[in-house]
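A.B. asks: Listed here are the chains, written in short residue letters.
There are 2 protein chains.
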Amino acid sequence: MELIRSLSLPAIGTKLTAEEAMSLAISEAYQGAARVSPNPLVGAVVLDAQGGFLSAGHHEFYGGPHAEVNALKNLSPEQLKGAHAFVTLEPCAHEGKTPSCAKMMAKLPLKKVTFGLIDPNPLVAGQGAEILRQARIEAEVFSSANPVLDAKIKTELEEVCEAFLWNFRKKKVFVSLKMASSLDGQVALRSGESQWITGPESREYVHYIRACHDGILVGKGTIDFDNPSLNIRHPQITKKNKVIVVDGEAELLPNFTKLKLSEVHASEDVIWCVAEELREKVEKLRGTLVKSPDVVYVKTRVGGDLDLEDLLAQLYQKGLRSVMVEGGAFTASSFVSYHLVNRLYMFQAPIIMGSGGSRSWTESVRISAMTDKIQLKNPRYLTFGNDFMITGTL
Amino acid sequence: MELIRSLSLPAIGTKLTAEEAMSLAISEAYQGAARVSPNPLVGAVVLDAQGGFLSAGHHEFYGGPHAEVNALKNLSPEQLKGAHAFVTLEPCAHEGKTPSCAKMMAKLPLKKVTFGLIDPNPLVAGQGAEILRQARIEAEVFSSANPVLDAKIKTELEEVCEAFLWNFRKKKVFVSLKMASSLDGQVALRSGESQWITGPESREYVHYIRACHDGILVGKGTIDFDNPSLNIRHPQITKKNKVIVVDGEAELLPNFTKLKLSEVHASEDVIWCVAEELREKVEKLRGTLVKSPDVVYVKTRVGGDLDLEDLLAQLYQKGLRSVMVEGGAFTASSFVSYHLVNRLYMFQAPIIMGSGGSRSWTESVRISAMTDKIQLKNPRYLTFGNDFMITGTL
Ligand SMILES: NC(=O)c1ccc[n+]([C@@H]2O[C@H](COP(=O)([O-])OP(=O)(O)OC[C@H]3O[C@@H](n4cnc5c(N)ncnc54)[C@H](OP(=O)(O)O)[C@@H]3O)[C@@H](O)[C@H]2O)c1
Ligand SMILES: NC(=O)c1ccc[n+]([C@@H]2O[C@H](COP(=O)([O-])OP(=O)(O)OC[C@H]3O[C@@H](n4cnc5c(N)ncnc54)[C@H](OP(=O)(O)O)[C@@H]3O)[C@@H](O)[C@H]2O)c1
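The listed protein sequences correspond, in order, to chains A and W. With this note's numbering applied, the first sequence corresponds to residues 967 to 1360, in that order. With this note's numbering applied, the second sequence corresponds to residues 967 to 1360, in that order.
No wet-lab data here; the hints were simulated from the structure. There's no promise every hint is true.
Treat identical chains as interchangeable: a pair holds within one or across any two.
List time: in silico EDC-like cross-link candidates among lysine to aspartate or glutamate, alpha-carbon distance up to 20 Å [as the list claims (entries may be wrong)]:
| id | residue 1 | residue 2 |
| --- | --- | --- |
| 1 | Lys-1138 | Asp-1192 |
| 2 | Lys-1250 | Glu-1217 |
| 3 | Lys-1339 | Glu-1159 |
| 4 | Lys-1339 | Asp-1192 |
Can you make the complete structure from the sequences, with help from the hints?
C.D. replies: Structure (structure tokens):
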């Protein structure tokens, strides 16, 4: 994820190469972050017949106009004559909530449309491009002469809409894990104390990442120790989110109304995950509560832990498309052990907590040979004040 | 420490501000890295009467000419008329291995000398500046109108000669700790396997850091598991180093000749650290060995571990001024627990090893409240291939 930032667009007429135009379209796409789910982030850039910058646009919010429409809407037929549009994703062929972008573009005097990714839906993949070609507009997937550059841009193109692609391809929730640790990988003292490991700059960014997900998931321990609000507090974002609590034995449920969670969120936005075996007992309990969260009953594994795959499948059924796991130690390491994390956001503070008296976020992860190490792919580093953050896919 | 790099100097005549000149002098100083110990790294920059860049120089090797001499040597009296010299450290007042720099400069038609740090020796501090003033050359400690900038430059000025300052102020060895860990802070599997955590770019830089220290220290376990060479293998550096092995019970000493260490290093460059109590036994053993390293006998603590402070004091007596601790887990965490580390070099690879089956570099470090966390000061981040490195002082 990129930082929210006021993207500075080039001056009108500035010549851009194809790579520059596509990179700019990617940055444009991120401007819609936190507002388009479950749609993908999409960005578009238009160059004039001479390769000079004309305009840019992005998909701004769920249900709103697509990126292409926003990029093209203020341009005159004169300006569009011989123009070249760059879009991060293949223009859609079919009407959905909005009219077909390919058909809209086919009516314009464009010379060429270059798109980043082919539509991930095999049933319509290539159809947007075909509509354009029938209107005698060149339409092709981005590629430069340089395979290294192409691979880099491909990775960025996939990343910008990674949750959408994952949802589409796997019909599963996209899971991010965010952890704040010391330099030696510790996330809490044995006593439960963990505030604050990272500084205010990191914590503000965490609220941005929260906003990029439909829900925030934590284990019972974190609620118990920290009594957190788990809402989105960011100067530039107003958004409601779901909160998911993993509490296999429903231990904290009777006290739900006393938790900060229940003050801050509407009850239906809080989802309590409890063992299937406890359904009857818990339903009875809910009848006695003044206020009760939504509850999902989850299959258990040998040993009694909730089956996190089943848990995620149920969240998907409820319409959640992306979830950020925010801890604590036990919950984070369970998601890592079961290989359920798509993207890691690891914040590290320049401190040492000592592993002798504290807990790591991989306490239940065990490998027996270096060849089995879990690799973070496409790692990127950002600094926030004195902290740094590494993100990548697992 | 900065990367070894071919420093690109500005074109002659380029106007530099005082901050830019001092920053350039700092970068110049680093060009002597790995060659000046036990002297400090020092850099100098000369601007002409109009503030245009004239030349730069650094202390290149132990016993060689000082930075000021190298910066000034090729300039004509014409060029030097009204010139302004910037030096990271106060020009020396006294003759040592080389003539007094202050006296040399006093003979030149300079207008002003700005230096970064006052000579740390209170007996001669300010005397270099005084010699210059008597020759009607302005001489002052660097300071700008901006206190934030001044603090930053002061930190960099101290850092560039940190080992020297520590040696001088405390009469102690400067200790760096280098560790290579996974993102979750693990440095080796329980089985002992740890190769390779980080990639080749990181490992090459480690050889540079090795070269910036007089000795490399490891625990017995690392010798046992890895049988390492512990020499300096860097494309741009040829340097011999000392190796220090902490082996309280002299367990590996009988096999010394079979170790890679003993092939690669002259025996007198390897220092074995053994419990004082074993002196007699070990001296007898040494008599029977074809080849024996140097041995220091170290006081023990309750429990039998060597007293690392005594160990470092003995290394100081032997003339070592900086040591890099390179592991393993036990040794590293002992140095951290006893607060004996001056600078940390923490390389992290974008991998997860899982703390469930591996070892951390702070296994014996334990804090009981977040207020006791160990803070890394002035942290800086560098990336090496897919890894990153954080360095700072403890
Ligand atoms: N540094 C950070 O980023 C960060 C973030 C969040 C929290 N924390 C800290 O982490 C600590 C809490 O960690 P923690 O490990 O004790 O608690 P936790 O992970 O928040 O919660 C663990 C508990 O959640 C329940 N749970 C989790 N996964 C489950 C599953 N698959 N099936 C059934 N139940 C499941 C279990 O409850 P039962 O045992 O009742 O079954 C388990 O004991 C606190 O100190 C908190 O401050 C740190
Ligand atoms: N990732 C990295 O950066 C890195 C670097 C180096 C090594 N490693 C890995 O780390 C592992 C080795 O770690 P380790 O903890 O087993 O071994 P270690 O720290 O290299 O050596 C530990 C042993 O050294 C002796 N020792 C250390 N400090 C002592 C003291 N103060 N007094 C007396 N003896 C002292 C002790 O021997 P006695 O028990 O006989 O008294 C102790 O057991 C290996 O797997 C290696 O591959 C990783």
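A.B. asks: All hints, please: hold or fail.
C.D. replies: Each hint, compared with the structure:
Taking identical chains as interchangeable, the C-alpha atoms of Lys-1138 and Asp-1192 are never at most 20 Å apart, the minima being 29 Å within one chain and 44 Å between chains. Taking CA atoms no more than 20 Å apart as the test, Lys-1250 paired with Glu-1217 passes inside one copy only; the shortest distance there is 14 Å, against 66 Å between copies. Taking the shortest Cα distances, Lys-1339 and Glu-1159 sit within 20 Å of each other only across copies (12 Å), while inside one copy they are farther apart (29 Å). In this assembly of identical chains, Lys-1339 and Asp-1192 lie within 20 Å of each other by CA distance solely across copies; the values are 19 Å between and 32 Å within a copy.
Hint compliance for this structure: hint 1 is the single one not met.
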